[in-house]
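J.: Here are the chains, one letter per residue:
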Amino acid sequence: MTDLLQTHLETMLGAGAVFRDGQREAIEAVVQDGSRTLIVQRTGWGKSLVYWIATRVRRDAGHGPTIIVSPLLALMRNQIQMAARLGLRAVTLNSANRDDWAAIEADLAADRVDVLFVSAQRFANEDFTSRLLPTIAGSIGMFVVDEAHCISDWGHEFVPDYRRIGRLLPALGPVVPVVGTTATANDRVVADVAAQLGRDVRVVRGPLARASLHLDAIPLADQAERLAWLAEHIPSMPGSGIVYCLTVADTERVAAWLQANEINAVAYNADVDAGVREGLEQDLLANRLKVLVATIALGMGFDKPDLGFVIHFQRPGSPIGYYQQVGRAGRGVADAYGVLLTGREDDEIAEYFIATAFPPTARMQEVLGALDGVATATIRDILEHVNLPRGQVEKALKLLEVDGAVGHERGHFFRTPMHWAPDEAWIAGVLDARRQELASMRQYVDTSDCRMAFLARLLDDPAAQECGHCANDGGKVWPRDVDHDLVLAAIRFLRGDIRLILSRKQHADGKRLGFINGEGHALSVYNDAGWGRRVHEGKYRTGRFDDEVVAAAVALITGRWQPSPAPTWVTAILSTAHGSLVGDAAQRIAAQLGLPYVECLTASLGHASQKDMANSWQQEANARRKLGIAGDLVLPGPVLLVDDIVDSKWTLTVAGELLRAHGSGPVHPFAFAVASARGA
Amino acid sequence: MMDAMDAMDAIGPMSDDARAILLLCTSVAAGRGDDARPLGPAGWAKVAAQVARAGLAPGSLLGLDEAALAQLLGDAVPSAEAAVRQLARTGQLAIELDRLAMRGISAVTLADDAYPWRLRDRLGPKAPPVLFTAGERSLLNAGGVAIVGSRDIDAAGESFAADVASSAARAGRAVVSGGARGVDQTAMRAALAAGGTVLGLLPEGIERRIREPETREALTDGLALLASPYNPGAGFTAGAAMGRNKLIYALADVAVIVASAARTGGTWSGAEEALKAAWVPVFVRQADDAPEGNRLLLRMGAHPLNAPEAPDPATVTPSRQAAEPAAPFVQATLGLDDNA
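So the protein sequences, as listed, match chains R and Y. Sequential numbering from 1 applies to the first sequence in the numbering used here. Sequential numbering from 1 applies to the second sequence in the numbering used here.
It is possible that some hints are incorrect.
Which chain R residues face chain Y? A few, computed with CB under 8 Å, are given here [to be verified]:
#1 129
#2 137
#3 173
#4 175
#5 176
#6 508
Hints listed in this document are in silico derivations from the structure and should not be mistaken for laboratory results. Backbone N, C-alpha and C fix where the C-beta goes; we use that ideal spot for every residue, glycine too.
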């Protein structure tokens, strides 16, 4: 067999190729019937080579195709080519290539597929389990779980669907070999994953440190300083790279800022269409981009050996996650840089992610309650009964589904006969692990020890040692000072980062609204380093939006916006909880625009605050309960409708509808800020 | 969290013996268009006997190649080649069982300790190799009062069935029924209404039935168990309904026939089989307005039941000895009798 493995290796990589440390050992462990192997090796070590060669050996022995559970969006072309060199045919199934499923089905039935790549989420999909899997003519020859740390509750990423994968592993039977691979796992995670793989697990573990990677960590005051830092230093970074952000909004913002500074940058996040994302990955691979500004949506499986740098715009929540992201740099080049920027909003964002990691138990029960007594229900039906954001309802349903309390088929959810009770201790344990990881990251920022050694020790790497080339260890130290003019430019940029308020067109139940507002504008993102902080201060500290903020609003309205048809009067939604804040500001805007200001809308006291309403059903209903209008005061012309902070847009929508119904002209909504952003 | 994992743990980790039985005797892991027929009780009994003769356990069938399997099983399987193919699908089996577990459905096989001893002992080689269940698993071994009768039933029969069921419930005894329209559902509803528990043996797969809110709530509350020897997704067939009749009798401690047509229909043939096999004492409603079938069954040796109360099996002597002697676990599993 030894010679055979060498032959396969040379077929893939050319004559004279040699196995890296541990690769041969891993392949030999993997190919035996019923073996259980966990491979813990740094990214770029060559894990895929292990499962390609192992699949070749298994297929030649007459076994069925290998199933690889992987978070890959699309198979990388070079991976398919590598497989093809061994005569292996690899296909991927995902929601983006549904058109190909019929052909893949036929190929599976005819045993023409050697490797099937699927995401863990596929296993929750009836089409996959009941339609596609049964077409596999023979056995499942081997089962591979890429990024196997996801099956551990203690991994940095909790992906509910991986709970199911963890459950499957011991059940696969005595013949099917199971392989888990991960680049990033501390002792606790390794032990947990190994336990889930079954008995007699062989762990193949190598050192995590990468010699070419130069690490640094730089605390800076705020977003403006960090933007300035990026603009100043990215041009001098080698090759192309990635800037990681914690939120979708930040990726867009940072990309726009870099573009404004003539750096070839594009935002990459889960809101970007899958096809476009694949194109962006290709652009980065081919160095057609200097930098991709990404959330963790650009994640596992992305392999660019010559990636020159990875910069974090905010501090990530865990050492495992950080190592994994920064470890994308320098796989195949002599020098690459990993710089972590951090600032004061990082803790806030991290705490927010922890706080929203699980929907509260009471809300889970409410979601379940909405399914009691009915055969099936849609998300819409559930939202009508539960005051939770749609995203949280979806998360609750996913958790309940993985727990076996809820099932779904084609958009219809139903209760299973399984009793469900929350496991508070388990949730507390997971959250506690997250907080510890967060604390570790704070230590990483503060440490004066060798950064690579510190990180490797956080990951329990037995081979952790001083790297000799990080910023704390004699290597390159990036400047801590930022260019003052660039900071001012960044503040101007943030202040000019106007947000559109796209009008709602439908009621919460999907029926078309009688009146639709014009496209509105917001001056800032709440509490950001542009106008957002001043809006926050006005609302919660001084009780008044200062003159500069109002002047900026007027400049926006008369400059970049110029609503059409031009408003002939101004009104405001009077915030009951914040006195005359909005009325006062709207009056000053009206005065500067030379238009009459009319107070005709009232938000009555004694109702729940709109910001406590969590989804469209609740928000629309609450806005309708709350808002009143003095119809005889409404003027006939187009109107500028002023509010302080816009979130769901239901208050603006319902107010606009009331104004139109009482004879006003078209409604142009304006808000001082949009509520702050969400992640991933 | 009580979840699918716990549901599977409740049965214990799946043994290779159970895997082999599920792969050979059901089509849950079958490939699309694969024409290998699952083995029925008799087919499995033959395979089990061969395996036992070789001093092996069923799990050792996993991983055998065609020649080895053919040598071991001889003509106990229709095709060794097909059997190897079926047995290779442990991966698909795991995935499908997990899918079912997430729906609240689990499988219990002859190789599991949780398999109901009444079926094992009373039916012997006719015991279904696999039962799919949802709900309170302990009810599989609860015994209780079987209440059977035709789908179309008159008012007198309906109230008799309901009264017997509630009297069973009040006495803390489970009601066993077929889960069909008519007598079955009347009895189940009455038992639940009286605070009792029910065990329903379905003539079809259980996957659809457990979606009905009323059924689902009884299952979630731990007051009911649905079981079926058929694939969870299987539809109703008359043959399947006949096939599961024996399970209703054999899982109970005593049976009550509320109404039966004479010499025709599922209730009649089930009753006839139960009287002949004498798994449990069989009572038949005796009343002037009872159907002709009831009178005939009484003449054939059934015990008369005049008042609508759950009868006590201890008050009667079985008309015949049990057809099969109670066999120890392993032998029953393997389908052996004492002389093998």
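J.: Tell me if the interface restraint on residue 137 of chain R is satisfied: Cβ within less than 8 Å of some Cβ in chain Y.
T.: Holds, about 6 Å.
J.: Going by Cβ atoms only, is residue 508 of chain R closer than 8 Å to chain Y?
T.: At about 25 Å, which exceeds the 8 Å cut-off, the nearest Cβ of chain Y leaves the hint on residue 508 of chain R violated.
J.: Would the hint on residue 176 of chain R be counted as holding, given a Cβ-Cβ threshold of 8 Å to chain Y?
T.: holds, 5 Å
J.: Using the nearest Cβ pair, does residue 129 of chain R come within less than 8 Å of chain Y?
T.: It holds, given that the least Cβ distance between residue 129 of chain R and chain Y is near 5 Å, below 8 Å.
J.: Restraint: residue 173 of chain R near chain Y, CB-CB cut 8 Å. Satisfied or not?
T.: holds, 3 Å
J.: Next item in the hint list is residue 175 of chain R. Is there a CB on chain Y closer than 8 Å to its CB?
T.: holds, 5 Å
Hint 6 from the earlier list is the only one contradicted by this structure; the remaining hints agree with it.
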